[in-house]
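Enquirer: So the chains spell out like this:
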Amino acid sequence: MNPAITAATAARILRQLKHDPRTVVLLVAVPTVLLFLLRYVFDDERLFDRIAPQLVAVFPFVVLFLVTSMATLRERQSGTLERLMTLPAGKLDLLFGYAAAFGLVAVVQVAAVVAAAQALGMEVEGELWTLGAIALADALLGIALGLLASAFARTEFQVVQFMPAFIMPQVLLCGLFAPREEMHEVLEAVSYAMPLSYAVEAITDATRSADVTGDLVVNTGVVLACAVLALVLGAATLRRRTP
Amino acid sequence: MDGSGPAVAAEGLRIVRGGRDAVRGVDFRIPPGEITGLLGPSGCGKSSLMRAVMGVQVVAEGRVTVLGRPAGHPALRRRVGYAAQTPSVYADLSVIENLRYFAAVLRAPRSDADRVLAETGLTDHAGHEVGRLSGGQRARASLAVALLGAPELLVLDEPTVGLDPVLREELWRLFHTLRDRGTSLLVSSHVMDEAGRCDRLLLMREGAIVAVETPAALRERTGTADLEQAFLRLIRGHATARADGAAAAAPADRGPGDGCYAGRHESRRAAAGVRPPPPQAPRESEPRGRHERRRPPGASADPDPPSGPEPGTGSRP
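Residue numbers (the working numbering), protein chains in the order written: chain A, 31 to 273; chain B, 47 to 363.
Quick caveat, the hints were computed from the structure, so don't treat them as lab data. Virtual Cβ for every residue (Gly too), placed ideally from N, Cα, C. There's no promise every hint is true.
Taking CB as the label site, the calculated pair distances span [to be verified]:
no.: 1; chain 1: B; residue 1: ALA106; chain 2: A; residue 2: PHE207; range: 22 to 28 Å
no.: 2; chain 1: A; residue 1: VAL63; chain 2: B; residue 2: PRO87; range: 53 to 59 Å
no.: 3; chain 1: A; residue 1: ALA145; chain 2: B; residue 2: GLY64; range: 41 to 47 Å
no.: 4; chain 1: B; residue 1: ARG115; chain 2: A; residue 2: LYS48; range: 21 to 27 Å
no.: 5; chain 1: B; residue 1: ASP226; chain 2: A; residue 2: HIS49; range: 37 to 43 Å
no.: 6; chain 1: A; residue 1: GLN148; chain 2: B; residue 2: GLY208; range: 52 to 58 Å
no.: 7; chain 1: B; residue 1: ARG156; chain 2: A; residue 2: LEU134; range: 45 to 51 Å
no.: 8; chain 1: A; residue 1: ASN32; chain 2: B; residue 2: GLY64; range: 55 to 61 Å
no.: 9; chain 1: A; residue 1: ALA223; chain 2: B; residue 2: ARG178; range: 42 to 48 Å
no.: 10; chain 1: A; residue 1: VAL137; chain 2: B; residue 2: GLY64; range: 25 to 31 Å
no.: 11; chain 1: B; residue 1: ALA106; chain 2: A; residue 2: VAL262; range: 26 to 32 Å
Partial pick of chain A residues on the chain B-facing surface, computed with a CB cut under 7 Å [as the list claims (entries may be wrong)]:
no.: 12; residue: ILE35
no.: 13; residue: GLN46
no.: 14; residue: LYS48
no.: 15; residue: HIS49
no.: 16; residue: ARG52
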């Protein structure tokens with residue numbers, strides 16, 4: 031791994047985004063608009079109070095999963111990945127370059143989502159930066175899973191299908207729609223195997239309590255560990271030699 | 047360059063793609079400091095062979111050595127430049143942004159980007175997004191990336207396809223300039239009129255190397271000035287040689303005075319009565335399995351005894 035190549039890769043990916051301002055606007059604006067809708071469609075402050083923090087965890091995860099898996103698929107299809115494999119770029123340079131660039135995008139998105147949620151009446155007991163840090167961990171998880179998923183997709187159609195396949199079960203089981211304790215015990219057990227559940231748990235803690243609790247640290251740690259695991263698996267799927 | 051060894055050497059290189067042999071066990075050596083043209087029809091295995099030279103192709107058998115090291119060796123990544131057949135550049139970045147990024151990956155000097163822009167005639171398009179360029183400009187942008195860092199060996203897969211004659215002329219002039227500076231080039235093409243611009247030709251057909259020799263030697267041997275005709279005669283001669291039996295199999299493989307650069311495997315195979323392609327035009331839709339054996343037309347009295355269960359394993363008659 032070479033820090034200069036990693037940084038150049040991250041800068042290159044951000045430059046690609048700069049050429050596509052519409053995507054950047056969508057990345058930042060769409061979650062904010064959805065939060066707004068949620069607040070006024072139900073018009074129920076208590077419901078919003080429960081759901082808003084969870085969405086702060088879910089949005090960056092889902093969006094960055096999609097963006098990353100698409101971006102890496104494009105890199106594979108355009109032949110630029112193969113070209114990079116003939117150059118001194120390491121696999122980790124690429125993966126960390128992606129994680130750094132989209133991580134930065136996630137910071138902007140998370141800031142917008144948290145600000146919108148607060149403006150709409152979400153109450154946060156803990157520090158805002160705790161909330162932001164957890165949301166960023168979720169975003170990294172989305173990025174890492176996106177990198178991994180793209181290895182199994184050959185076409186854009188397949189990548190888009192991975193959204194419901196990889197992401198929807200996690201969103202359904204993470205406690206957003208129904209509290210996990212109230213689910214059938216099989217489903218509850220399954221929810222423990224899904225990293226997004228820990229993300230939602232951590233962010234709920236952060237809005238409920240002013241202190242950084244042990245649970246919060248453990249839950250965020252689980253999310254980050256899953257992200258690292260997915261990145262390592264993703265690196266294993268990047269091959270210099272292909273058939 | 048490591049002494050005077052070959053720029054590229056392949057031994058028994060066999061590549062399987064999509065369940066069939068794309069390259070059928072070939073041997074060749076590419077001398078340094080020359081432009082070697084890899085010529086043959088579309089789908090004859092040129093790209094697979096070039097990918098193997100770059101070390102990004104899974105190889106079924108055999109060995110490729112590039113500048114004295116196994117193909118794909120990390121130490122080669124800055125010494126070998128590659129432009130694949132499809133332009134491998136970021137369509138959503140400008141030409142100069144692409145070049146700066148790849149230059150950073152190569153740790154090439156920043157001024158390199160401007161140099162290769164000028165060399166490929168893209169200076170006026172530096173700020174243009176690659177996705178908005180024409181196909182030919184995009185191909186040149188991809189070629190420009192390959193030139194970054196002044197590599198010792200350039201592997202260029204159909205770099206002139208889709209270019210107008212003026213640009214094609216300019217690029218060939220650039221290749222000759224690079225060669226004169228000591229760079230070795232392996233350039234593929236499916237149009238024979240580019241063959242005359244190469245120092246040496248590697249003629250490929252259906253995954254086999256039909257000949258490795260200089261254009262002059264090829265013209266002399268086939269008795270025609272037209273290289274396209276020469277290629278045809280070579281293939282026909284090859285097929286006749288096959289029908290005539292083992293003894294006559296070799297001429298296509300041994301260029302006069304070029305013995306060390308010939309495809310040994312292929313001649314051994316021809317001697318064993320297996321394969322070189324039949325004289326008809328190749329039909330792409332036809333499955334070409336390894337076990338299949340076709341007869342040339344009118345060869346009902348084909349003297350070839352089927353010598354073994356499959357190529358390479360058959361014993362020599």
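Enquirer: Among the hints numbered above, which are violated by the structure, and what are their numbers in rising order?
Expert: 1, 3, 4, 7, 8, 10, 14, 16
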